[in-house]
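Novice: Residue strings, one per chain:
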Amino acid sequence: MVPFKAHRPERHPLAIDDRARDNIRFIRETMERAGSFTAVPGWGGIAMGITAVGAAVIASRQTSALGSLLTWVCEAAIAIAIAVWTTYTKARESGTALFSGPGRRFVYGFAPPLLVGVLLTFLLLRIGVYHEVPGVWLLLYGTAVVTGGAFSIRVVPLMGLCFMVLGTVALFCPANWGNLLLGLGFGGLHLTFGAVIARNYGG
Amino acid sequence: MGAKSGIARFSREERTRRAATNGAGVAPNAAAANLDRVIHERTRLAIVSALAVNTSLTFNELKELLRVTDGNLSVHARKLEEAGYIGCTKSFAGRIPKTEYRLLAMGRRALEKYLDHMEALIRATREG
Chain Y
1 MVPFKAHRPE RHPLAIDDRA RDNIRFIRET MERAGSFTAV PGWGGIAMGI
51 TAVGAAVIAS RQTSALGSLL TWVCEAAIAI AIAVWTTYTK ARESGTALFS
101 GPGRRFVYGF APPLLVGVLL TFLLLRIGVY HEVPGVWLLL YGTAVVTGGA
151 FSIRVVPLMG LCFMVLGTVA LFCPANWGNL LLGLGFGGLH LTFGAVIARN
201 YGG
Chain C
1 MGAKSGIARF SREERTRRAA TNGAGVAPNA AAANLDRVIH ERTRLAIVSA
51 LAVNTSLTFN ELKELLRVTD GNLSVHARKL EEAGYIGCTK SFAGRIPKTE
101 YRLLAMGRRA LEKYLDHMEA LIRATREG
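If you're matching them up, the sequences are chains Y and C in order.
Residue numbers for the first sequence, in the numbering used here: 1 to 203.
Residue numbers for the second sequence, in the numbering used here: 1 to 128.
For the record, the hints were derived by calculation from the structure and aren't laboratory data.
All C-beta atoms in this analysis are idealised placements derived from N, C-alpha and C, irrespective of residue type, glycine included.
Hints are not guaranteed to be accurate.
[As the list claims (entries may be wrong)] Between beta-carbon pairs, the in silico distance windows are: (1) C/Arg-126 / Y/Ala-111: 43 to 51 Å; (2) C/Asp-70 / Y/Ala-150: 18 to 26 Å; (3) C/Gly-71 / Y/Val-129: 16 to 24 Å; (4) Y/Tyr-130 / C/Asp-70: 34 to 42 Å; (5) C/Arg-108 / Y/Tyr-130: 51 to 59 Å; (6) C/Asn-60 / Y/Thr-89: 53 to 61 Å.
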């Protein structure tokens with residue numbers, strides 16, 4: 001009696017029900033993952049890299065530490081605008097919703113470390129420790145990219161790790177290296193990885 | 001009791017089954033439920049789902065996305081091609097051969113039908 005039933009799974013509606021749900025979930029998850037695949041705007045990374053190189057040049061001409069930090073804050077605003085715009089364009093072209101699964105997942109992973117970075121910046125500026133700001137920025141931006149890109153293609157978290165390495169260097173090097181390291185990170189790494197993503201992963 | 005544990009084991013396996021399964025990944029009751037066997041297999045379902053949200057994906061992109069081996073992907077992609085669900089264009093990027101896949105209208109219809117089928121199964125069990 002018992003083995004007979006085992007060969008008739010249609011007698012067990014719960015099992016079929018579960019499996020159907022599981023299949024639908026599988027399709028949705030694959031679509032979300034595949035969507036995030038192209039949501040990474042490689043050419044946006046290149047654009048951010050170019051503006052960051054410009055920012056590094058302008059920041060190096062500032063006479064005060066605060067002046068060069070403010071230059072970088074402006075660059076951050078421009079970079080965010082570029083990132084949002086390119087991601088939006090990319091999402092629209094591939095017909096995926098910007099804040100469906102992949103977009104939301106990236107923001108959830110990306111935003112918290114970035115927010116901590118902003119708060120720590122205020123703290124460091126208040127106590128007047130300007131020269132530690134580049135290290136904190138590079139470290140926390142790197143963390144944000146690693147956590148945000150954890151479900152994306154592997155080069156994304158790898159880029160985050162490179163930022164964290166630069167941030168670590170910034171913490172233990174002379175204060176006047178800060179601007180150079182910011183340029184290397186936000187300029188060099190964005191350019192390099194942006195080019196890799198644009199070339200190998202379809203934009 | 002024996003039957004129950006048998007069913008439980010099967011659905012657990014089914015749940016933990018990842019994209020990298022072979023052709024044997026078709027559930028035994030697929031035929032009974034009159035399912036589209038071409039699309040029911042996990043790797044092929046993943047290929048079609050991934051292509052549904054992208055205009056096209058290269059062989060390497062699909063491979064990395066679905067975490068499958070070269071052999072596995074090419075076998076399943078060929079099955080989908082033979083069914084007329086996906087199209088494949090081969091070109092050269094410099095000297096490196098580049099294979100690009102895209103979803104055809106028939107494949108999109110098959111995915112929609114499969115989703116409808118799954119929803120119908122859920123609805124039927126809820127009502128029954």
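Novice: Run every hint past the structure and note whether it holds.
Specialist: Consistency of the hints with the structure:
Separation of C/Arg-126 from Y/Ala-111 is about 38 Å and departs from the stated range, judged on CB atoms against 43 to 51 Å. Taking the beta carbon of each, C/Asp-70 and Y/Ala-150 are about 25 Å apart, inside 18 to 26 Å as hinted. For C/Gly-71 and Y/Val-129, the Cβ-Cβ distance of about 56 Å falls outside the hinted range of 16 to 24 Å, so the restraint is violated. In this structure, Y/Tyr-130 and C/Asp-70 break the distance hint of 34 to 42 Å, their C-beta atoms being roughly 52 Å apart.
For C/Arg-108 and Y/Tyr-130, the Cβ-Cβ distance of about 56 Å falls inside the hinted range of 51 to 59 Å, so the restraint holds. The given range of 53 to 61 Å is broken by C/Asn-60 and Y/Thr-89, whose C-beta atoms sit roughly 24 Å from each other.
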